[in-house]
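Visitor: Now for the letters of each chain:
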Amino acid sequence: MKHGTAVSLRLAALVIFCAGGLAGCDNDFEAPSQLDSLRVLAVRPEPASGRPGITSKLTLTFVDAREPPDQAALQPREIQIAWLGGCHNPPTRQYFGCFPLLSQLAARLSPRVVETQTVGVPPGFFATTTDFEIPVPNDILTKAASMPGDPVHFGVSYAFFAVCAGELRARPDLENRIPLDCVDPATGAPRDHRDFVTGYTSLYTYDGFDNESPILDGLRFNDVAIQPAQCENDGDCASLRDAASGAFDVGCSPSHKCSPLVPPCAGKGCPEYLVYPEVDPSSAEALPNEAATEIVWSNYYTTAGSFDADTELVNDPASGFIADHGSYFHPPAYAAGTVSLWVTVHDQRGGAAVGSFDVLVR
Amino acid sequence: MKRSLLRRGQCVGLLLFGFSLSGPVRAESLTPPPSASVEVVPPELTQFVEAHYPEAAEQQRLEADVVLSLEIDENGTVTRATVVEPVANGFDEAAQAAASAFQFRPARRGDRAIKSKILYRYSFRLRAAAVEEKVTTATLSLSVVVAGGKVPIAGAKVRVRRGSRLIADAVSDANGRFQLRDIEPGRYDITLEADGFEPYTVEETLSPAEEAALTLGLVEKSSDTTVIVHGERPTREVTRRTITRRELSLVPGTSGDALRAIQNLPGVARPPALSGLLVVRGSADRTTPVFVDGMWIANVYHFGGLSSVIPTEMLDEINFYPGNFSVRYGRALGGVVDAHFRETRQDGRYHGLAQVDLIDARVLLEGPVPGVSGWNFIGAARRSHVDAWLGPLLNGRDTYISAAPVYYDYQFIADHRFSERSYIRAGFIGYDDRFKLISKGAAFGGQLDTVSATVGLGIVYQNRLSNKAKLDLTFSAARSHQHLQISSVAFDIVSLGMIGRGELEYRLQPRATLRVGYDLLLAPYDVTGRLPEDAGSNAPDVGSPVTTPGQKLDRNAFFFVPAAYAEMDMRPTSRAQVVSGVRYDYTRETGRHDIAPRLTARYDLHSGFPKTTLKAGSGLFFQAPGLIETALNNDHSPLRSQRSFQNSLGVEQQLSSQVKLSVEGFFNLLDNLVSRSVDTHGELRYNNEGKGRIFGSEVLLRYEPDERFFGWVSYTLSRSERTWVPGEPSHLFDLDQTHILTALGSYELGKNWTLGMRFRYVTGNLFTPCSGGLFSSTGTSYLCVNGPLNSERLPPFHQLDIRVDKRWKFKDFSLGAYLDLINAYNRKNPDLIQYNYDFSASKPQSASLPIIPSLGLRGEF
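Chains as they are written, first to last, in my numbering: chain A, 1 to 362; chain B, 363 to 1223.
Be careful, since some hints might not be right.
[As the list claims (entries may be wrong)] Under the rule of at most 30 angstroms between Cα atoms (straight-line distance), these lysine-lysine pairs were calculated in the DSS-like manner: (1) B/1205 <-> A/268; (2) B/798 <-> B/1173; (3) B/1173 <-> B/1113; (4) B/798 <-> B/519; (5) B/1171 <-> B/519; (6) B/914 <-> A/143.
Derived from the structure by calculation, the hints contain no laboratory data. Note that this is a predicted model, so its numbers are computed, not measured.
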């Protein structure tokens, strides 16, 4: 075996050990499920895989959970978004093979990125909204490299995004990363990771195979299905309260949605509430030309309190569907008011589904 | 076998009688003048004692004659020795001391023994002079000691035969010594016997003018923790480091595991925690093969490097060649570890042991094969019991153990000595590691499933065809199954590795020996699996290994690498040794022919005590690409063998009879390393464009085992660089460690208590820092935005291990207990950098073991 492969696999095993809680691998960093900054949670492609000649629409889900410096200013911060695309079958088939192209694109952008005129720009190269369309070239498969060991012939398209709580600036001089910066519009000072997220998503086009996003049928809170219901006050939420049957109380949120109502709690012995995404088992499709189903997992996020697990496996390629894939929510120790809970479900080929609801902590 | 080139004083004793010699040299009787009618017979020397040649004088190449006056009583004992003509430089005292121990047949007057006084000239002559005089006889000096130390055995029976002719039948003196002088060159069989010790026979061939000084260790009949210690014979390699079994079993921090003790020698890097890697002189893992009786041991360490797969009790010794090894070995860019099973005990009794410690339990049984005359066996088995305590530790709400971590191994060998000349050993070994864990909390599917299982058989046959020729044959076949699955990434390698080796050694002249041999490897293999798509050498982080389609492996073929070699071992002078050889390898999978010339030389700058030896070596070493690389490259131009041009230069300095210092510098150039980069079509391809260089020096200050103490200090200073893509600047190799210091010692306190300590200091491992994070929505995780490659280091590693052994001896058995206190001051040595989810914060993280008192119990009979 190649040295690097051997070492990386052994270290991967070590990482899994750490994930398993082996003594000595303690982790006292803030959990990824804690939303207290600008975060991108998911990019949902529709359809979840490409085909020559079709267009796939990408929808970006982000949350700005960073408290504004001035508590009185409760207006949401202005968030700028930019997409860069047009990269298909790059060298090495990896995302970083697109960086030279991105530099060329950045050179054509206005210094203030959102001021770039999109008129005349071919689709799939640039956008400033949460949605972005990738037109899959007709020759995506014929121009794709064929490597020994490929389980299926495929092409790949990449789209890059930047989400900024500030002002996006073009940086065509940056050749080995996404060539965009996020700065304070007043001072020009760069924003840090709490206000600026860059990333990418990949869209695979398989020769003769498609991928579907996971099917999220709904969310359950302590085994009670969350029903969308409008309200003016707590009394309007009787139907959800009846469904809860005492598992939790229900209140009306400031956004006029009937939401679970739980008390704040500190210390040991606090109640925990199971948040459970109802994932259709058929979401785990068979991998092309392989005797295994795809991996499906769910991620959990909250703006206050915590989750017992940030990630839960929904389908294991070897052992199959895992029904016990929920995560326990622990309310915060203070009356946080409206707490937003998010659940995203993903498959290993880029498919995604997103769900959320509010919990009232008072 | 020790063959000292030390020049001993050439002691030429001469009785000088006034009756027979003129001048002032005469013997004078103190008795009344004899009457004319009674004949006076002068005393006659019956036991000569060799004087110690003064070291300072020897260093200055001084020779001298000391004239002594000896007074001899009626029993022939020297009652007084007086220097008549002092010559200084230590000669007077040495001659006086030696002559005082002379024994004479007393002078006689008629039939009556009488006192006498004679003059005696003791001549000190350097050996070189004797060589120049074309001396055609040889001298054989033996030191009989207790194996594993330097304790002399007095009164040991020594029989020396040449063919069927008995040359000597004597006993060792009070210092365990015995000497045969002026004997014909040729082959001799030496048999040693002593009460309470196993008999031992060894063959030695003497050249004209040679003074062979052999230190032969006898094994106590009731002991299993000692080993026959052969002195150092000039090696075929520049550097061969040999650790005796006693040392191996007592090195602190290894739980008495022999193969783990290798990691304390110069040139061996500290492997990352739980990795079980063997990294030698800055080379990559899996470029230093480990052989046991010629069988290639693919995974020498059990799970996590906790224990090796061969029990210490079955090994004779371990030879470790950090580089510039003989053409006998090939297919390796780094070093070679060559271990051998020991010969079974021949006492006709059964012996056994049972041992249990924190990690595993094992048993061993040894004795005659029932019903088969002349055959003996050793059988052993071991099983870990970490599953009993590690399993519950890992089980949790999101993690559960599907198969608890467990390993076991077993060995059985039987041997037979047809005659003093021929010997055969056959047996089989097996080892197995399994572990399966599912962590639901892993972002990409958390199944970890590993299996490493090997079972093999081997045969060793040795025959001394004549006093000039020797034949060694080995054959081994091992079926190995390696399985690793991490989520949907997995591979299986099933192979049947057959290795046949043969070597014929023929002494062309007294100073020239030719060795020719073959080394065949035939390995049908089947590689299947699914690996993450390789992003290329030094590529940025690509995140979860399962979010790309990956690469399927499915290849069924066979690896055939025949090799032949020839080596000439020349000793142009008694001080010099030049070993030149060439090895030819053919790799069927790649169709490549590799020719590897190698040269090593040793020269004794000072052959007396303290001995000083210069050594140097240079040569080419090849290693074929790995199975997976070959499998993934099968449709493209074959890869070439990876190549290393190794060079070394060093000196060995004897500081005392127990202490030796070895300093060696090395410089290795690597090329044709398998790399992966984008080709002209923009596609990733395997190629041979990787290059590297490794240089550094090693220091070993070693105290050879005596009856109470052994220990060493080893230090390695090195730098290992690689370039994977042409034109890119070189960078430090992943496992480069600038400083590696190990100091260890073991001291027997008395009453069967032994205390040992080991301290290690190693430069922290390299890592590539993350300058930020890039969110991959496909994997729902951040990727590390790499900073400069391998540009930062973890804090240094240091650790103290303490070991206490206690042994109780009874009439027919013994009990032992040890406490191996690993990481005695509970240092948290960082093994990796842990980042938060978006790589905006980091801290060093330790995955090493905390302070662990490992208690072991052992009983043997």
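Visitor: It remains to establish, for every hint, whether it holds in the given structure.
Guide: Results for each hint:
no.: 1; hint: B/1205 <-> A/268; verdict: holds (28 angstroms)
no.: 2; hint: B/798 <-> B/1173; verdict: violated (46 angstroms)
no.: 3; hint: B/1173 <-> B/1113; verdict: holds (16 angstroms)
no.: 4; hint: B/798 <-> B/519; verdict: violated (59 angstroms)
no.: 5; hint: B/1171 <-> B/519; verdict: holds (27 angstroms)
no.: 6; hint: B/914 <-> A/143; verdict: holds (21 angstroms)
Consistency note: the structure conflicts with the earlier hints numbered 2 and 4.
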